[in-house]
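Enquirer: Sequence:
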Amino acid sequence: MAACPAALVCRVSWLFGPVPPGRPSHFDNVLDRASSGERQCLIADKFSVPTYTHDIVGWVEFLLEREKSGIYHLCNAGDPESWHSYAEKICQLARQRGMLPDGGKLVATSMRDATFFREKRPQHTAMLPTRLIDEGIATPRHWLHAAKEYLKIR
Numbered sequence: 008m009a010a011c012p013a014a015l016v017c018r019v020s021w022l023f024g025p026v027p028p029g030r031p032s033h034f035d036n037v038l039d040r041a042s043s044g045e046r047q048c049l050i051a052d053k054f055s056v057p058t059y060t061h062d063i064v065g066w067v068e069f070l071l072e073r074e075k076s077g078i079y080h081l082c083n084a085g086d087p088e089s090w091h092s093y094a095e096k097i098c099q100l101a102r103q104r105g106m107l108p109d110g111g112k113l114v115a116t117s118m119r120d121a122t123f124f125r126e127k128r129p130q131h132t133a134m135l136p137t138r139l140i141d142e143g144i145a146t147p148r149h150w151l152h153a154a155k156e157y158l159k160i161r
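Per the numbering used here, residue 8 is the first one in the sequence shown, and the count goes up by one each step.
You may find that some hints are simply not true.
Capping the alpha-carbon separation at 30 Å, the derived lysine-lysine pairs in DSS-like fashion look like this [claimed, not checked]: (1) 159 with 53; (2) 112 with 159; (3) 96 with 112.
Derived Cβ-Cβ restraints for the label pairs, each shown as a range [stated by the list, open to error]: (4) 92 with 30: 15 to 25 Å; (5) 26 with 46: 20 to 30 Å; (6) 67 with 161: 35 to 45 Å; (7) 30 with 117: 25 to 35 Å; (8) 46 with 77: 42 to 52 Å; (9) 69 with 115: 14 to 24 Å; (10) 48 with 155: 33 to 43 Å; (11) 155 with 45: 16 to 26 Å; (12) 75 with 132: 19 to 29 Å.
Hints in this document: simulated from the structure, not taken from any laboratory. Note that CB positions come from ideal geometry on N, CA and C, so glycine has one too.
Given the sequences, and given the hints that come with them, work out the whole structure.
Expert: This is how it looks when you write it as structure tokens:
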């Protein structure tokens with residue numbers, strides 16, 4: 008930021024929402040695998056806050072239109088979730104809407120047992136959208152409310 012004080016840096020994590028073909032999010036992968044009855048091993052000790060891409064687009068548009076600069080954490084509200092708890096809640100929402108039959112098993116596992124990470128990952132990556140709130144730009148909605156909206160268009 009010192010080299011370019013006018014820069015806008017938007018930090019995001021655990022995105023869900025419409026994606027390009029062939030690039031499903033964790034949200035989409037969980038539902039697709041659950042609908043086929045597949046057993047899923049999901050990390051239960053890595054935490055962040057899921058965030059809806061449509062919400063991010065609105066916040067970024069606002070920031071750009073007003074020529075804001077600095078670092079902004081763009082995330083929905085809610086307590087941090089593990090990949091496992093996130094998957095449980097996604098499946099519960101889908102079942103409530105009749106989009107997912109009962110079945111499929113979500114199994115909690117540990118980061119230390121995961122073999123798919125190339126590099127060591129931090130255990131906690133949850134952010135707070137403090138600047139968005141403090142500057143009166145937005146009061147982000149809970150990610151579960153955003154997830155319900157996404158399920159309507161998925």
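Enquirer: Does each hint fit the structure? Answer for all of them.
Expert: Evaluated hints:
A distance of roughly 28 Å separates the Cα atoms of residue 159 and residue 53; the hinted pair therefore holds under the 30 Å criterion. Taking the CA atoms of residue 112 and residue 159, the gap is near 24 Å; set against the 30 Å cutoff, the hint holds. This hinted pair checks out: residue 96 and residue 112 have alpha carbons roughly 13 Å apart, not beyond 30 Å. Residue 92 and residue 30 have their C-beta atoms about 24 Å apart, which keeps the hinted 15 to 25 Å range intact.
Against the hinted window of 20 to 30 Å, the Cβ-Cβ separation of residue 26 and residue 46 comes to about 24 Å, which satisfies the hint. Distance hint check: the CB atoms of residue 67 and residue 161 are about 22 Å apart, inconsistent with the given range 35 to 45 Å. The given range of 25 to 35 Å is respected by residue 30 and residue 117, whose C-beta atoms sit roughly 27 Å from each other. Range check, residue 46 to residue 77: Cβ separation about 44 Å, and the 42 to 52 Å hint holds.
Checked against the hint of 14 to 24 Å, the pair residue 69 and residue 115 fails, with Cβ atoms roughly 38 Å apart. In this structure, residue 48 and residue 155 break the distance hint of 33 to 43 Å, their C-beta atoms being roughly 26 Å apart. For residue 155 and residue 45, the Cβ-Cβ distance of about 24 Å falls inside the hinted range of 16 to 26 Å, so the restraint holds. Between residue 75 and residue 132 the beta carbons are some 23 Å apart, a value that agrees with the proposed interval 19 to 29 Å.
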